[in-house]
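Position 163 of the sequence shown, counting from 1, maps to 163 under the UniProt record's numbering, and the rest follow consecutively.
Keep in mind that the hints were calculated from the coordinates and are not lab data.
Small disclaimer: the values here were computed from a predicted structure and weren't measured.
Take the hints with a grain of salt, since some may be wrong.
[As the list claims (entries may be wrong)] Across the chosen pairs, the derived CB separations fall in these ranges: (1) 261 / 76: 41 to 47 Å; (2) 172 / 331: 23 to 29 Å; (3) 114 / 76: 26 to 32 Å; (4) 143 / 282: 22 to 28 Å; (5) 117 / 295: 20 to 26 Å; (6) 60 / 334: 18 to 24 Å; (7) 213 / 56: 30 to 36 Å; (8) 290 / 334: 48 to 54 Å; (9) 66 / 114: 44 to 50 Å; (10) 172 / 299: 41 to 47 Å; (11) 48 / 175: 34 to 40 Å.
Beta carbons: idealized from backbone N, C-alpha and C, even for Gly.
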Amino acid sequence: MHLRHRKHLKEVPEAFLLPRQVVVNLTSRIFFFAIPISHHGWCNIFSCCSTIIMAVFCTAAIILNATVILVTIRHRQLRQPINYSLVNLAVADLGVTVTGGSLTVLTNAMGYFSLGRIGCVIEGFSVAFFGIAGLCTVAVIAVDRFMVVCKPLGTVIFRTRHATVGVVFSWVWSFIWNTPPLFGWGSYQLEGVKTSCAPDWYSRNPANVSFIISYFTLCFAVPFTIIVFSYSRLLWTLKKVSSLGVAKGGTTAKAEVQVTRMVIIMVLAFLICWLPYAAFAMTVIFNPEIEINPIIATVPMYLTKSSTVYNPLIYIFMNRQFRDCAVPFLLCGRNPWAEELEEPEGDTTLSTVSKSNNKVAPT
């Protein structure tokens with residue numbers, strides 16, 4: 001350890017020290033020092049603001065996602081195969097919030113990562129595991145809707161086994177791609193302002209670079225491509241049905257407008273939450289000489305964790321079936337949208353479910 005750091009270590013109790021990766025140059029040797037975060041000179045205002053913002057987002061995420069799970073348990077009509085992926089998304093988002101968001105609030109407030117090396121690995125794996133499972137679930141939801149709506153106008157039998165396969169796949173795929181760092185292919189390290197952990201984007205080790213590129217391709221690029229393709233075909237099918245005038249009184253045209261708006265919101269939310277983080281990772285990998293301020297590097301991480309709030313609002317509360325049960329649950333029996341829900345043509349969804357045989361038909 002360099003002599004210039006020994007003075008700092010003598011001034012600070014051991015409990016306030018953390019292992020920090022100091023990268024002098026991303027292509028040079030990496031040194032590890034136990035340096036208290038207060039000695040880095042980072043802005044205390046950012047630390048306070050980020051703590052408050054993350055606390056607000058975590059509280060909202062826990063309330064919204066827990067509500068989805070609870071109302072599904074309470075209301076049998078919500079326990080349909082077509083809704084399995086929506087509940088699975090809530091479980092994944094709740095996992096990200098509990099294992100990552102809440103810990104980030106704590107470490108930001110303390111000013112350093114206090115859980116040690118083992119804690120860093122556990123937190124990094126947990127957040128990545130739940131996060132990628134949620135991202136894959138968003139892709140599964142897109143595929144579900146594509147398969148239901150884009151089939152011929154006859155009904156499509158959407159059974160429990162189909163929904164279960166999608167749910168299991170999202171968790172297995174996430175597990176497959178988040179365990180390699182535990183065994184040496186890649187690693188979990190402190191990121192940004194060093195108060196949370198994630199896959200190591202900085203190491204120039206060939207094995208680590210190959211893992212990050214594979215991780216980016218199969219856990220971001222592929223799901224994003226599936227989402228864009230599925231919703232593009234869905235919109236094309238609705239437009240085609242609308243032009244044929246299948247429905248009377250402009251119902252199909254109205255459905256097309258509403259579904260188009262929902263799809264645009266879904267894709268934009270996905271891009272806002274995940275694209276900055278993916279772009280940051282690829283920038284560091286392909287341009288190792290770049291110098292990025294730790295505060296700037298932390299912002300994309302916060303955006304990904306904010307998806308735990310956006311997801312239930314978009315995928316759950318824009319779903320009339322869930323909204324009709326969740327809103328009264330949150331507001332102690334009151335539902336401001338009750339009058340709107342009573343109108344037969346006042347809303348639409350991407351599919352309807354028959355309670356008797358789980359048939360799904362386009363609406």
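Exercise. Which earlier hints turn out false for this structure, listed by number in ascending order?
Worked result: The structure conflicts with hints 1, 2, 3, 9 and 10, although it agrees with all the remaining ones.
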